[in-house]
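Participant: Take the sequence shown: its position 105, counted from the start at 1, is 108 in our numbering, and no numbers get skipped.
Hints in this document: simulated from the structure, not taken from any laboratory.
Treat the hints with care, since some could be wrong.
DEER-style ranges, computed between Cβ atoms [as the list claims (entries may be wrong)]:
#, residue 1, residue 2, range
1, Glu153, Ala202, 35 to 45 Å
2, Asp40, Arg203, 29 to 39 Å
3, Gly267, Ala129, 32 to 42 Å
4, Arg122, Arg201, 23 to 33 Å
5, His99, Glu133, 17 to 27 Å
6, Ala129, Leu266, 33 to 43 Å
7, Glu153, Asp102, 35 to 45 Å
8, Asp184, Thr97, 37 to 47 Å
9, Ala209, Ala26, 15 to 25 Å
10, Tyr65, Arg114, 25 to 35 Å
A virtual CB, placed ideally from N, CA and C, is assigned to each residue, including glycine.
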Amino acid sequence: MADGKVLVWLVCAWMLPPVVGSAYAIDGYEVFRDCEDHCPEMVVVPPGSFAMGHDGGEPERYEGPVREVNIDYAFAVGRFEVTQAQFEAFVAATGHSSDVGCFMWDGRVARRDEAASWRDPGYGRAPDPEWPVACVDWYDAQAYVAWLSEKTGFRYRLLSEAEWEYSAKAGSEEVFPWGDDPAQACLHANIFDESAARARPEAPIAAAPCDDGHELPSPVGSFQPNAFGLYDMVGNVWEWVKDCYAMPYPDSAPRDGSPQLELGCDRRSVRGGSWNTALDRQRPTFRGRDPAELNSQVFGFRVARDMD
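Hey, can you work out the whole structure from these sequences and the hints?
Facilitator: Given below as structure tokens:
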């Protein structure tokens, strides 16, 4: 695609109710859900090309070199992050056991709370069923998509890093999907902002110059979607993706949207930032990296589904 730009059709699909077992099209996009019983709503993302990465950022989390990626297939992405209720349905159906113990992040260090788990992520209150599930590791996410695949008969999986960044940018070439203005962040994302700073004044995290009204995670879909109709691609919880983490991107890194699975597999990539993360780490190009077995209060996931 010319100049590495993504062809974007604006979508208003978030205005319509979910359709079970079928899809509806709005301005070139399809939204669907494969079952009534806690299946995630999915948005079909079109093929396109984009410039992946950023030649800058923190030296220890280098986001480059920038490379052209061509995704020549449509794929479906969860309209929202996987919720507490959806993960609970998976556990009830399978008996899946997730490790007890979860890392808390205060802006300085991570400390492990041995009593915390996805059922009680250490928020000081019970999680809302519509909050994104947290305190889940990469293997929990893999178990969930395997179950969802078996339940529906379709291939669900985690996004690749390339698919995630393409979906998060949704055609934008600005610093953030909504543009360059930090003051607009609270219209689009649940991040560490003025309300979070009031609740945790000791946290050494620079607060965004706005107030999103949430000190903790927010119900999925509380903010404006991006141009692909996807919610919370920035903020709320970090999202596990399929890739092994390699820094910088190796010369062998795929340019077709597939995951990088050859190097750095002692860590997996996480993307998107969280409710307890500074704004400068919420850019779609920013790359987190953590051991696959790490449970964190700010880690969740989103699903993808093949369309062929």
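Participant: With reference to the structure, classify each hint as holding or not holding.
Facilitator: Now for the hints, and whether the structure bears them out:
no.: 1; hint: Glu153 / Ala202: 35 to 45 Å; in the structure: 41 Å, holds
no.: 2; hint: Asp40 / Arg203: 29 to 39 Å; in the structure: 37 Å, holds
no.: 3; hint: Gly267 / Ala129: 32 to 42 Å; in the structure: 36 Å, holds
no.: 4; hint: Arg122 / Arg201: 23 to 33 Å; in the structure: 27 Å, holds
no.: 5; hint: His99 / Glu133: 17 to 27 Å; in the structure: 21 Å, holds
no.: 6; hint: Ala129 / Leu266: 33 to 43 Å; in the structure: 40 Å, holds
no.: 7; hint: Glu153 / Asp102: 35 to 45 Å; in the structure: 23 Å, violated
no.: 8; hint: Asp184 / Thr97: 37 to 47 Å; in the structure: 44 Å, holds
no.: 9; hint: Ala209 / Ala26: 15 to 25 Å; in the structure: 42 Å, violated
no.: 10; hint: Tyr65 / Arg114: 25 to 35 Å; in the structure: 27 Å, holds
Checked against the numbered hints given earlier, this structure breaks hints 7 and 9; the rest are met.
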